[in-house]
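Given these sequences and hints, build the entire structure.
Under UniProt numbering, residues 1 to 825 are what the sequence shown spells out, in order.
Do not rely on the hints blindly, as some may be mistaken.
To be verified - The calculated label-pair distances, taken between Cβ atoms and stated as ranges, are:
(1) Ile331 with Val612: 41 to 47 Å
(2) Ala76 with Val179: 55 to 61 Å
(3) Glu406 with Leu59: 55 to 61 Å
(4) Asp334 with Pro229: 54 to 60 Å
(5) Glu337 with Leu604: 30 to 36 Å
(6) Asn234 with Glu61: 18 to 24 Å
(7) Glu406 with Pro229: 33 to 39 Å
(8) Phe241 with Asp334: 22 to 28 Å
(9) Glu80 with Phe241: 36 to 42 Å
(10) Leu596 with Ala251: 47 to 53 Å
(11) Ser602 with Val287: 30 to 36 Å
(12) Gly176 with Pro229: 35 to 41 Å
(13) Ser615 with Val376: 40 to 46 Å
Treat the hints as calculated values from the structure; they're not laboratory data.
Glycine included, C-beta positions come from ideal geometry on N, C-alpha and C.
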Amino acid sequence: MLHCVRECNVALRWLMLHRRAKARKLPDKDSAPKKESDQQAVLVLLMNTAQLEYLLRKLFESLLDAKEDMWARSKAVAEERLTELADFFSGERALTRVEEANKPLKEWFASLAAQVRSLHTSELTATGRKMHHLITALSEVEQFHQIESALQTKQFLADTRATLHRMMRVLNIRDGTRVTLSVVSDMSYAWEVINDYTELMRARIHKDPFCVMKLRATFLKLVSILDSPLNRINQANSKDFESVSQYYSSALVAYVQRVLQVIPQDIFAALRDVVRIQTLELKELPVKVVRAELRVWAQLEPRHRLAAATHRVSVLTEGVLNMQTTLLGVIKVDPKELLHNGIRRELVRQLTLALQMGLSFRGSSGKAGELDGALVALAQQLEGVQLSLEYISDYVKMCGLRLYQEGMHRVVGFFVEQECNSFLKTRISPEQSRYQSTAAPIAPPATAADNFISRLVRELLSAASTRKAVYIPLESAWHDSQGRQLVGARTFELIGLALGSEGLRGTYLTLGFVIASRLARCHRTLRALLVGEARAALNRYADAVEPLSSLPERQAKLVSSAAAALTKVNVELAETVARVGTAQLLRAQTARRLSLSSMRDSALLRATLETVNVSVVSDLTCGVSADEAEGHAPETALSSTASPPPEAPTAAPTWQTAIAAATEAAASTTRGGALVGELRRFLEASGLGNPLQQVMSTAEALPQLHHALALFTLSTLAKLSYAPALGTFTPASRSAEEPLDGVTLAAGVTTLLRQAHIDVTTKYIAALQQHVRALVHLSSATQGRATEPPIEAANIVRFIGMVCEYADARCEQLPLYQCVCGVGG
Numbered sequence: 001m002l003h004c005v006r007e008c009n010v011a012l013r014w015l016m017l018h019r020r021a022k023a024r025k026l027p028d029k030d031s032a033p034k035k036e037s038d039q040q041a042v043l044v045l046l047m048n049t050a051q052l053e054y055l056l057r058k059l060f061e062s063l064l065d066a067k068e069d070m071w072a073r074s075k076a077v078a079e080e081r082l083t084e085l086a087d088f089f090s091g092e093r094a095l096t097r098v099e100e101a102n103k104p105l106k107e108w109f110a111s112l113a114a115q116v117r118s119l120h121t122s123e124l125t126a127t128g129r130k131m132h133h134l135i136t137a138l139s140e141v142e143q144f145h146q147i148e149s150a151l152q153t154k155q156f157l158a159d160t161r162a163t164l165h166r167m168m169r170v171l172n173i174r175d176g177t178r179v180t181l182s183v184v185s186d187m188s189y190a191w192e193v194i195n196d197y198t199e200l201m202r203a204r205i206h207k208d209p210f211c212v213m214k215l216r217a218t219f220l221k222l223v224s225i226l227d228s229p230l231n232r233i234n235q236a237n238s239k240d241f242e243s244v245s246q247y248y249s250s251a252l253v254a255y256v257q258r259v260l261q262v263i264p265q266d267i268f269a270a271l272r273d274v275v276r277i278q279t280l281e282l283k284e285l286p287v288k289v290v291r292a293e294l295r296v297w298a299q300l301e302p303r304h305r306l307a308a309a310t311h312r313v314s315v316l317t318e319g320v321l322n323m324q325t326t327l328l329g330v331i332k333v334d335p336k337e338l339l340h341n342g343i344r345r346e347l348v349r350q351l352t353l354a355l356q357m358g359l360s361f362r363g364s365s366g367k368a369g370e371l372d373g374a375l376v377a378l379a380q381q382l383e384g385v386q387l388s389l390e391y392i393s394d395y396v397k398m399c400g401l402r403l404y405q406e407g408m409h410r411v412v413g414f415f416v417e418q419e420c421n422s423f424l425k426t427r428i429s430p431e432q433s434r435y436q437s438t439a440a441p442i443a444p445p446a447t448a449a450d451n452f453i454s455r456l457v458r459e460l461l462s463a464a465s466t467r468k469a470v471y472i473p474l475e476s477a478w479h480d481s482q483g484r485q486l487v488g489a490r491t492f493e494l495i496g497l498a499l500g501s502e503g504l505r506g507t508y509l510t511l512g513f514v515i516a517s518r519l520a521r522c523h524r525t526l527r528a529l530l531v532g533e534a535r536a537a538l539n540r541y542a543d544a545v546e547p548l549s550s551l552p553e554r555q556a557k558l559v560s561s562a563a564a565a566l567t568k569v570n571v572e573l574a575e576t577v578a579r580v581g582t583a584q585l586l587r588a589q590t591a592r593r594l595s596l597s598s599m600r601d602s603a604l605l606r607a608t609l610e611t612v613n614v615s616v617v618s619d620l621t622c623g624v625s626a627d628e629a630e631g632h633a634p635e636t637a638l639s640s641t642a643s644p645p646p647e648a649p650t651a652a653p654t655w656q657t658a659i660a661a662a663t664e665a666a667a668s669t670t671r672g673g674a675l676v677g678e679l680r681r682f683l684e685a686s687g688l689g690n691p692l693q694q695v696m697s698t699a700e701a702l703p704q705l706h707h708a709l710a711l712f713t714l715s716t717l718a719k720l721s722y723a724p725a726l727g728t729f730t731p732a733s734r735s736a737e738e739p740l741d742g743v744t745l746a747a748g749v750t751t752l753l754r755q756a757h758i759d760v761t762t763k764y765i766a767a768l769q770q771h772v773r774a775l776v777h778l779s780s781a782t783q784g785r786a787t788e789p790p791i792e793a794a795n796i797v798r799f800i801g802m803v804c805e806y807a808d809a810r811c812e813q814l815p816l817y818q819c820v821c822g823v824g825g
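This is the structure in structure tokens:
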């Protein structure tokens, strides 16, 4: 058998190495099919040789383990037979009738029994020589007349010789034979050559899943590849032996996974047929069926194809699960774990492909229903993947729904993390991502255009752009000029169905990074623009209108002259407010959808988070000084003038303070900061965060920011008209470079104000109220009697109400202004 193994390995080595030699002559027409056929033959030889070596090694190891027992039994049998022969010739024991006793033969057989008793396996050479002499002596003793005529005695002698021959064979079972077998079966030459046969192995598994039993022996044969790079390291007793062994063993395990990955691929291919038949072809059975229609409702043909596909899945999984646990180098490979990792790898690939293909849009057309249609198709496709995993749960012995949710969490989280990298200075490489895994790696996007989260966010921003749509607060949706809904609650519901809560949270985070980036850019631009004449004009305007509780003369002229000097500033503010306001409204819609999902799917977790948040905020705000609490708490009441606001009772802690006051209060301690950061992450994932209350910029506030924003607001409101039916402001003309609607303007301005001290918001509202008083005073002075207040004043009061609502601020004199201007509260 060892000679046969040696011949097979010689032929295998010659064929595998010489097939890579370059032929000098041009190949024939049929060289490609012939080459593939030859490769198949070589692969069959490799698999059969590996299987033979595996069986031979397993048999030899069992013999080596049983060597002492076999030796002891054979030795006892031989000694017993020789003792019986000695007793026979003593005349005391009758095998058959003996005419007379033969004392010399009796003593001779007794001496042979003593020699057998003295044999030991430790002295191989001496023991083998003694056994050879014993066998020869037993053959020669048959020539005696007394023994030659006794057939039973001759049979005893033959059995004894056979036992001694067996003892010699047992004695020849040495550990060196196993070493010889390892040397003969060495495949260290095939480190690169074996890659030529990978696809052939995968094709054989695809054709016959049970051939993995032979492939297991082939993989064990490939372990000999590790001996070559580790030989010298082992001889030198290097400390690197373990790490190097781990490296090469991991490479071998990766190769095995690459070969066996065809099984999960075939499983998913069969599951696509299963899901298609179940969802599209099989009709749901009614409660009662008429006997005449029984054959129709049986649907035999679809059910036969369903059974065939299911059988294919069971055969594929059974082939791998029948493999035994295998030690490849220093890594123990469990077939069940190997199958699960393969399914995870294929699931990640399928999910990535579906998300990348499903969330691909044709430019920025912004057509009504295009985004929703893409999300519906993607949700249906991913639902099929989820159903297919649940279908094979019993076959692969794992929870399919959990597997799907873990895969979606990893894929969406990874792409969100990579998209957020573009906004960070310290970036996280794909290899360092906490969502990455060696068992089921996720292919990173080459560019931002290859990231489906990036495309989804860009499509949302494009569809909800102020150039195309107006936000209608009564419907919480964006409509175009023809009344068609472009983005609404249905859109975010579909995002939740397609991408799950992780996708909604990823959209929320990505929009937050977009806003932070835009705010930083706006801050740099405004700081560069507010110099020279623009800075002087803004200061002159501030000197003319302050204090804000006063009523300056020629207010309208002051506003118009200052706005003319700040034209470039207003252009930058218009672009920033449009982008930031739209993104904030999208974030608010996303948070609302997350909140609904958490109330429906995890009400207990949501209630726990609310309770913990109230407790944490209460503890943290107790440690904040009175001045800090007055300066940063968003619940502080806002006065209608520039004078300090009156003291008001502290509002009850809510989730809105978890991001602002709690973060600043806990910044002094690592433990508190970590707690708030972790709590904030859970609050955002549950939709309990208020995006309009977040501080996204730590840059120093610009001087006279409240006056610049007030002038921008007044000039923008002059271009808008209030639509009572819609409950918001709409552009009077779409010809503006950056048209704005009322809600977007309020959300954008509120976000800009939130980045500064609370006093800036107070002064901003006071500046708008000052302009309202000036308009009302001018109207009364012109008419000379009580008249209806001007529309411009009413619009400003309405806008102040919107800002107070989004800023979660209280303006005590706002009802008075609403009453004077005839605006409903």
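Among all the numbered hints in the text so far, which are the ones the structure does not match?
As far as the earlier hints go, 2, 3, 4, 9, 12 are violated by this structure, in ascending order.
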